[in-house]
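Heads up: the protein sequence lines correspond to chains A and B, in order.
Sequential numbering of the first sequence, starting at 1417, is according to my numbering.
Sequential numbering of the second sequence, starting at 885, is according to my numbering.
Since the hints were made in silico from the structure, they are not lab data.
One should not assume that every hint holds.
To be verified - Interface residues of chain A toward chain B, partial, derived using beta-carbon atoms under 10 Å:
no.	residue
1	L1437
2	A1473
3	C1476
Unchecked claim - The calculated lysine-lysine pairs, modelled on DSBU-like cross-linking and capped at a C-alpha distance of 30 Å, are:
no.	chain 1	residue 1	chain 2	residue 2
4	A	K1435	B	K902
5	A	K1998	A	K1699
6	B	K967	B	K951
7	B	K967	A	K1435
8	A	K2086	A	K1998
9	A	K2138	A	K1955
10	B	K951	A	K1435
11	A	K2138	A	K1580
12	A	K1998	A	K1659
What the hints assert, rightly or not - Counterexamples of contact, computed for chain B against chain A with all Cβ distances above 10 Å:
no.	residue
13	H910
14	Q930
15	S932
16	L937
17	H938
18	N942
19	S970
20	S978
21	L992
Glycine is no exception: its CB is placed at the ideal position from the N, C-alpha and C atoms.
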Amino acid sequence: MNWWSRLWHGRQMDVQLDKELRFHLDQQISDLISRGIAPDEARRQVYLAFGGPTQVAEECREARGTRWLLDILHDLRFGLRSLSHRPGFALAAIATLALGIGASTAIFSAVNPVLFKPLPYPDSGRIMMIAESRTDGGARLPSFGAYRGLSDRTSSFAALAVMKTWQPTLTTTAEPERLQGQSVSADYFRVLGVTPLIGQDLNPADDRKSGPHVTILSYGLWQRRYAGDRSIVGQQVTLDDDKYTVVGIMPQTFVNALDPTAELWTLLQYDISQGRAWGHHLKIVGRLRPGVSRDQAHHELNAALPAINQIYADGFATAGGPALGVVVTPLQRALTESVRPALLAIFGAVLLVLIIACVNVTNLMLARGSQRRGEFAMRTALGASRVRLVRQMLTESLLLALIGGALGMLIAQAGIRGLVALSPADLPQLGAIRLDAPVFIFALAITTLIGLAVGLVPALQVSRNELNAGLQHSSDRTAGSRHWMRRALVVAEVALALVLLVSAGLLLRSVQRVLSVAPGFASAHVLTMQVQTSGHRFKDNSYTNQFFSQAQEAVRRLPGVNVAAFTNQLPLSGDFDVYGIKLELTNGLDDRFPAFRYSVTPGYFAAMGIPLRRGRLLNEHDLPSSLPVAVISESMARTKFPGVDPLGRRMHAGAEDIWYTIVGVVGDVKQASLDTTNPDAIYTPTTQWHWADNVLSLVVQGQGDVASLAPAVRRAIWSIDKDQPIVRVATMESLVAASEAQRRFALVLFECFALAALLLAAVGIYGVLSGNVTERTREIGIRSALGASRSYILTLVLRQGVTLTIVGVLIGLVGAFLASRALITLLFGISPLDPLTYLGVIVMLVGVSVVACWLPAWRASRVDPSITLRAE
Amino acid sequence: MPSKSVLPQGTLDLLILKVVALGPIHGYAIAQRLQQVSRDAVQVPQGSLYPALHRLENRGLLAADWKATETGREAKFYRLTRKGRSQLETETESWQRLTESVALVLRLSEGGAE
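With the hints as extra help, turn the sequences into a complete structure.
What follows is the structure, given as structure tokens:
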């Protein structure tokens, strides 16, 4: 008979066992009787020799090896029964655990794909991102020249690829559609280790200046626009007025982690003879050769740099100088770097909440354990071993945790939905956030761990010695030292809550500070949108300039519009256009440095509310034919022209064929984000830049609700040329808010967690004091019988609660100090030891704890001595 | 009358297997047989006989059938399985090796004392 059937036929086996043992006993008794022994005596002797039949039967049952499972089932049944006897306790514990487990699971589901899960490429750990290092320790985008040099002169990488975004307009079918794509060098997909589902990969032979126009489509685009028609491969489609041959379709499973929105790819086809080959606007990725480590690659690349810089010295000089060094970062890390600190902080915070939840439930279990001491003492007296009692307690706590965990999964499901809705748009792998196997395993693991942790303390407490004291339970006189454990837990709870509250407070103050930073422009009543010209006619600079100036004029005439202007990059929008500056005179400092380059049409400064500090603004009289002029930012004037008047001085920007004369100085503008320092910036007229930019952002300053002007503005532009895609319509205010989305996201979550922690801590304090008062009813009764006033008793209980809180606060301060160090990258404008935050949080926590203490204290002061004394 | 010796750990299983090997037999008879064969020298702890039988049955060394005894009452008769037989052989062998080597050592020390 195997284990299963032994388990299954347990009852039947018991009957047979009984029969077998009875046969033995009867047989032996009758043998003895036949030898002439009196029946009673025979019976006595037999039982004496055999030892208790019940015990023997028990040992035989144990020999089946199914005993442990039967015990567990029994414990479970018993646990369920005893939980249902106290639904209040069970509900409180389950709800607390469900919230804790649910929140942690939801956060883990967001953190796991971003921080821990490898990218969905073969051997993805070997894919590296290569960036140039800056003097200030930061990284900047590399140029095509650097890529060419590195791919020609180094061998650490099996494949290297360079890429930039590409936003072509598809006009094959009836309605034109602007698509999001990437221009990549031929080895892009080989670096990632993926091949097209249908057709061919990009051919390196085609990746040259004026090579053939080819494109590879994503599975989604292929399905959406071509209904999955296989014959599209080899045919031509029209993108930006040019014919592109579709050479391949990527598989459905392909995830383009470097640009998740990209739906099609074409060859970059750069050449070092072009000016743009030196612009810092590309990304380089590479796949390490087998056996080559990241460090080795890093060393080889940096060792090769001096030679590369020498060969291409002229090229690099046109755009911010040569690379000082390169940084090789695993792609996974490079893609998540910006969100990593926030996500780790959030994950840490939710784990703190989980711990507080566990502490609370442990406290509940302890309280319940002391109520059950009579029961346990009785069971011990009846022969239950200590191990058995501990196991019973653990089974009950595991049961609680499992029910809480199951409900927690429902909460997690809802939480994930909220999280995705709330998360900043730049959160990588947003689509991968869901309840999958690793998340489920995580939830199961923490649930089990919690079940054990929460049950262990009360279980050990209960099983310890005082069992016979438990039988005298009802005559407890003082509620003495036995409760040190519960007090310690409350202290821990308060300490953890303080850590979370301080973190949330620091974040709140940081967000306030950041949003009060002057961006350098007036964001109110400003509507923006990006106009992307497309088509062969826009290869002519004067045509492009004419289109934009006509469009600007058309918009300006709209009712409700005060000023309208175009710029090639918009502050806080993610635009990033930096060129190398070379001053004519050195001023005794470095004469070469990078600066943000703005090509703007007249009226831009007025539309954005950027103030003029010195000289003049750019105007309609700055024509392609007139003297090239530029306006510079205030901080550039200060740092690059110390003690010198910048007006009238000349500089190169980008290619060194134009001298721009500085005619004015304007206020600083935050370009990349609100929390960065003021960058150097130059403004030139769109008509005087080296070329006419094809993509410009329109800035409209108007009256009232400018967002409602959008349709009219769009129609005005289309009245000049109806084929030009208009994207990224947003008010300047929403761009400012979006630029702080990540910090705000962290803030919202921290606020939720801190609130939960505060509530749980308050409940914990209340629970302990309340239980304490109940157990001390008699003592309090005696005190008031002896003349203690109500206010004395009130203070007595309050003091006890507040003391616990203060001890917790003191310990929590140490924790908060450590936690704020971890938060430092998310903080802005305040010290991690900001006294106001700490003070505010302490006052709030103590206040809440006084409220939580008040009810039990009040109850204690109402104790009627005559009733309590009679009750005994 | 020599004093009764206590069974060394683990030998009860071996003795049971040996007794059952002689043919199907019920628990009471096993106890009787053990006592007779050892001429009452071995005290069979009756309390541990049945757990041992059940353990051996669960390990598949013994099988059991309910049959009527000569008195007409139903009893559980144990018999050796194939697995039980080979177990008996290996255990008998190792027991003999053990006792021989123990005996050898004991004789040696007697010789040394002369």
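Each hint, compared with the structure:
no. : hint              : verdict
1   : L1437             : 7 Å, holds
2   : A1473             : 8 Å, holds
3   : C1476             : 4 Å, holds
4   : A:K1435 x B:K902  : 25 Å, holds
5   : A:K1998 x A:K1699 : 25 Å, holds
6   : B:K967 x B:K951   : 22 Å, holds
7   : B:K967 x A:K1435  : 27 Å, holds
8   : A:K2086 x A:K1998 : 22 Å, holds
9   : A:K2138 x A:K1955 : 17 Å, holds
10  : B:K951 x A:K1435  : 13 Å, holds
11  : A:K2138 x A:K1580 : 27 Å, holds
12  : A:K1998 x A:K1659 : 40 Å, violated
13  : H910              : 7 Å, violated
14  : Q930              : 5 Å, violated
15  : S932              : 8 Å, violated
16  : L937              : 8 Å, violated
17  : H938              : 4 Å, violated
18  : N942              : 6 Å, violated
19  : S970              : 20 Å, holds
20  : S978              : 23 Å, holds
21  : L992              : 40 Å, holds
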